[in-house]
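Visitor: Using our numbering, the first residue of the sequence shown is number 676, and each one after it goes up by one.
Heads up, a few of these hints could be off.
[Stated by the list, open to error] In silico SDA-like links for lysine to any residue, alpha-carbon gap of 20 Å or less:
| no. | residue 1 | residue 2 |
| --- | --- | --- |
| 1 | Lys764 | Arg783 |
| 2 | Lys790 | Pro809 |
| 3 | Lys794 | Met758 |
[To be verified] Taking CB as the label site, the calculated pair distances span:
| no. | residue 1 | residue 2 | range |
| --- | --- | --- | --- |
| 4 | Ser788 | Glu813 | 26 to 34 Å |
| 5 | Lys790 | Glu813 | 25 to 33 Å |
| 6 | Asp774 | Arg797 | 12 to 20 Å |
These are calculated hints, taken from the structure and not from any lab test. Beta carbons are placed, not taken as given, at the ideal position from N, Cα and C, and that holds for glycine.
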Amino acid sequence: MNESEELEEVTVDTDEDFDTDYDDDDDADVPAADDDDYDDSDDDDGDDVTYSEGPAVFSRAREGQAPTGRRRNLRSLAREVKMEDIDYKRVQILSRFVDRHGRILSRRKTRISAKMQRKITREIKRARHLALMPYTGEHVRITRKRA
Numbered sequence: 676m677n678e679s680e681e682l683e684e685v686t687v688d689t690d691e692d693f694d695t696d697y698d699d700d701d702d703a704d705v706p707a708a709d710d711d712d713y714d715d716s717d718d719d720d721g722d723d724v725t726y727s728e729g730p731a732v733f734s735r736a737r738e739g740q741a742p743t744g745r746r747r748n749l750r751s752l753a754r755e756v757k758m759e760d761i762d763y764k765r766v767q768i769l770s771r772f773v774d775r776h777g778r779i780l781s782r783r784k785t786r787i788s789a790k791m792q793r794k795i796t797r798e799i800k801r802a803r804h805l806a807l808m809p810y811t812g813e814h815v816r817i818t819r820k821r822a
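Turn these sequences into a full structure, and let the hints guide you.
Guide: Okay, here's the thing in structure tokens:
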């Protein structure tokens, strides 16, 4: 026997099997749009929306309200740390470039040059490898009592 002969032909009447809550002629009830040219420049709805450049934190301050304080003042570690001071043995200096979770801070947060960031990253990884610095933060380490 051929495979096509073994298969039975099944017909499904979709009108009986599926019930819908809508009719196909409901489109006639929808009113036409007032402005069909897709040009928003001549829409005078009375909605005076102005968009300002920059983050939303500063836009509230411009309106006379207090700023939300979401942006914090970032210090520049480049002024405090010199290129010659960066060494894998100086863990106290390197720990300033690591957050509390143990992750290396980005250039955006530390405000240092790309050259200095590469050197700091290399020295932090070297200090971690030599067990001078931890890979994780203090709160991540879990000590277990031995029973």
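Visitor: Work down the list of hints and note, for each, if the structure agrees.
Guide: Going through the hints against the structure:
no.	hint	result
1	Lys764 with Arg783	violated (25 Å)
2	Lys790 with Pro809	violated (24 Å)
3	Lys794 with Met758	holds (8 Å)
4	Ser788 with Glu813: 26 to 34 Å	holds (29 Å)
5	Lys790 with Glu813: 25 to 33 Å	holds (30 Å)
6	Asp774 with Arg797: 12 to 20 Å	holds (18 Å)
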